[in-house]
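Undergrad: Chain residues, written in single-letter form:
2 protein chains.
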Amino acid sequence: MANFDLTQIPHLEECGMLHGAFDAEALVKNSNTLREREILHNKIVPSLEDAVLRAGLKDGMTISFHHHFRNGDYIVNMVLDRLAQMGYRDLVLAASSLSECHGPLVRHIRSGVIRRIETSGLRGELADAVSHGVMECPVVFRSHGGRAYAIETEELPIDVAFLGAPSCDAYGNANGYSRDEKDGLACGSMGYAKCDAQYAKHTIILTDHIVAYPNAPFGIPESEVDYIVQVDKIGDPQGIMSGATRFTQNPKELLIAETAARVIEASGRFKDGFSLQTGTGGASLAVTRFLREMMLRDRITASFALGGITGSMVELHEEGLIKKLLDVQSFDLRAAESLKNNRFHQQISASYYASPFNEGAAVNQLDVVVLSALEVDCDYNVNVLTGSDGVIRGAIGGHPDTAYGASVSIVVCPLIRGRIPCVVDRVETVVTPGRIVDVLVTDRGIAVNPRNPDLAEMMKDAGLPVCSIEELRDRAERIVGRPDPICYTDKVVGIVTYRDGSVIDVIRQVAEDA
Amino acid sequence: MANFDLTQIPHLEECGMLHGAFDAEALVKNSNTLREREILHNKIVPSLEDAVLRAGLKDGMTISFHHHFRNGDYIVNMVLDRLAQMGYRDLVLAASSLSECHGPLVRHIRSGVIRRIETSGLRGELADAVSHGVMECPVVFRSHGGRAYAIETEELPIDVAFLGAPSCDAYGNANGYSRDEKDGLACGSMGYAKCDAQYAKHTIILTDHIVAYPNAPFGIPESEVDYIVQVDKIGDPQGIMSGATRFTQNPKELLIAETAARVIEASGRFKDGFSLQTGTGGASLAVTRFLREMMLRDRITASFALGGITGSMVELHEEGLIKKLLDVQSFDLRAAESLKNNRFHQQISASYYASPFNEGAAVNQLDVVVLSALEVDCDYNVNVLTGSDGVIRGAIGGHPDTAYGASVSIVVCPLIRGRIPCVVDRVETVVTPGRIVDVLVTDRGIAVNPRNPDLAEMMKDAGLPVCSIEELRDRAERIVGRPDPICYTDKVVGIVTYRDGSVIDVIRQVAEDA
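As you go down the protein sequences, you meet chains A and B in turn.
Going by the working numbering, the first sequence opens with residue 1, and the numbers climb by one from there.
Going by the working numbering, the second sequence opens with residue 1001, and the numbers climb by one from there.
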């Protein structure tokens, strides 16, 4: 353009002008390259195969998925089926979690399409196959915060993210609901998918619903999306809203929930402006119901509720009892609707939610969290991953993230399930270490971690049925006896990581005769 | 915890479990480190000095600022004064832009506190001093999109970002308005600051208004904020809302605005669902007024308006004439209020707005943009940086970003200003290259870039006063003559980059007798 020679200018290198001298031709070429990009502004490609090829997927690479569609997800199976047809092998499947509906993946493991899996949890046929040794490489289990951290630090680098979205415009702004179709499939928050979109080398959105530009507010911004594939169906609405989030009528669970609410009241944290999270599972979810009564009675409002947001949380929010909702995952349709319509129901990313080493995650601001468990042991270690037969049947979720972050972490669990004791000497699998668990609430008494003698006193003063955890274990044993030890082989099928990525436990293959 | 030896597990390295064998002690230590972080959960530090020391700022490092407070900004001067007192030297000051109010920086340049400056623009005393050679290193000028790109690619790495915010909670969720204080200072969108917070090694928020946690919705998330400093005043509300965004009563500007609206109508882009951006400057802003009449007349609505959002855009939005507002910078209080209250008025980052090489910026979706100019030349090159005396007096802003992205880029400019011709043979400084400019609208006729013969035909068919740009230049010269050339020294005081970081022009020191 103008007449000048950059090489004659001192200090240019200091200015970071390292691409050196001005070159009119280069500028025009850059411009042409930019112009060429315009033909890609509409990012919708004709097929999934096309998107995969454009993204440059190669054997051995890491592909990622979110689990916002829970047990109604069609995306993971759909993509793996296609990748198998295309002849891919040795892929690392990094999902934020996997459900019962992902049984068909077993075939792709056996055939070598999937070499390794990273996930928060496994259930059903896939979990069963993994527990019985179908994979050569152990599955790596991470908490939601741990996964965000691993992605951010490139301990878990993602090559191609395949992200299902209930709405997306032609340029890639995607969200967990659609405003065009009142009855369209909705998952609400896209919180877990946000990290994938931000850090993946290539991001592909799969959607059944292309909407007008700009699809704002957006869960995932166009600036992080490479390709869009339109598909008939991304998931089953029934499956998306079912599963772990049912509302209990079970009297034992209601008793536990009511006791947990009383524990919160007695903990000194039940004050105006307090903050809370409740995990999945009947008793945990039902706590909200009892808290509501207490909040109305004492005219106490919460500053925010965090995490997986449920319809009952939304009711409290709309009643003015909870000021704000920070939503990394909407657990039901009511929550998804609220995210769409309530200004202070905010979509947050998994990193914002729970990453242990960003500049500050929301879990650190929790006063109380109520979390379910499959088993708790006398050191307060919690197992939410493996069943009493040693087979994988759960997910870490945000369990250790919130147990760590909350001032008071309350684990709720029946003393026994059927003929199975839930308070034991030693959990089969340590997921959340006992040192970050404060109180265990069962239907036959509560126990307070001896690391918190003050808290134990507060519970006793409130007239709560406090006993030692050993007493709870003994009560369980008196009722159902001590189960025979599970038989395992030496093979490690699962590695359980703590939120910082360190290995906290391993899961072994169950013996065939077990 | 459990009894296992990781070194015995095959495939562990493949799993990325490179931190090796499980070590219970290490786990506890990790935990302690995490626990230690809890004491920092309240990120408010006692003083700016304290924040600077904690952030580890060293001589020669790069510090960054946003310009959302425009000419009312107190932050840049406040921080540099303190850094000077602390004895810092050789700093690189990377602001998204600088204004008249930043004249006091000249002192810090002379004393060696500031070695180099990156910015979108300079005005007033600081611009004057730079143009007269006060700095050894040339100032690097970047467009808003170009700056986002430079930050994303680490061509411009930021060590410490100092970001003023009208509200912030104790954990770092910051925003451009406050909901607690109706009359508090507000700047609306924090769009330019978002990139700084995301990529800076350390981010410090300076605020006059600490609010309850969580300050959601947030412009800047807690997960990207290290320290918070509470200060008396972050800016002057008068200065924030003044300046480039006044609404014109000038008949010449209104004529230009009306003609520009007719150009849009004639361009074939004025259809239901079209998209638009108007830059700063009287004529450019006034276009909205004329567009509104046309939209009501033809029952046409726009899908979105982009960029610096003004009160007049908000009026059209609230009337239902513009469906969504994508706001990287709120130009007035009306816009800031709307961002706070209107669900479809969305805060976007500078990268989302205009970065040339992310996966897709919003500027690429623009149908029309109307942009001001100081000078335009016969190759349609536009100068928005230097005045007729060769002295810096403007800012690149999103000029080349939107001119590139929009299908039709319209530059508006009076033919002459006082005794100065605005259409010239050769602009003093090339900021936006002519090849991405489509139409020039003046008060004495319009010219269409010969690269767009079809567009020229459409303008003629619509009865618009089309002529060649050389005719416009000749008309200007006939009225005011051809000014004497500006006298420069050989010293380069400014480097003008195109949005991809390549050098498109340089600015030289004006001779002392000029």
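One thing to keep in mind: the hints can contain errors.
[Said to hold, decoys possible] Below, in silico cross-link-like pairs of lysine-lysine (BS3-like), each with a Cα-Cα straight-line distance of 25 Å or less:
#, chain 1, residue 1, chain 2, residue 2
1, A, K340, B, K1323
2, A, K58, A, K201
3, A, K323, B, K1233
If you are wondering where the hints come from, they were derived from the structure by calculation, not from laboratory data.
Undergrad: Run every hint past the structure and note whether it holds.
TA: Consistency of the hints with the structure:
1. Only pairs whose Cα atoms come within 25 Å are accepted, and K340(A) paired with K1323(B) is accepted, the gap being roughly 16 Å.
2. For a cut-off of 25 Å, the pair hint linking K58(A) to K201(A) stands: about 13 Å separates their Cα positions.
3. Of the supplied pair hints, the one linking K323(A) and K1233(B) is violated, its CA atoms being roughly 28 Å apart against a limit of 25 Å.
In this structure, only the earlier hint numbered 3 is contradicted, and the remaining ones agree with it.
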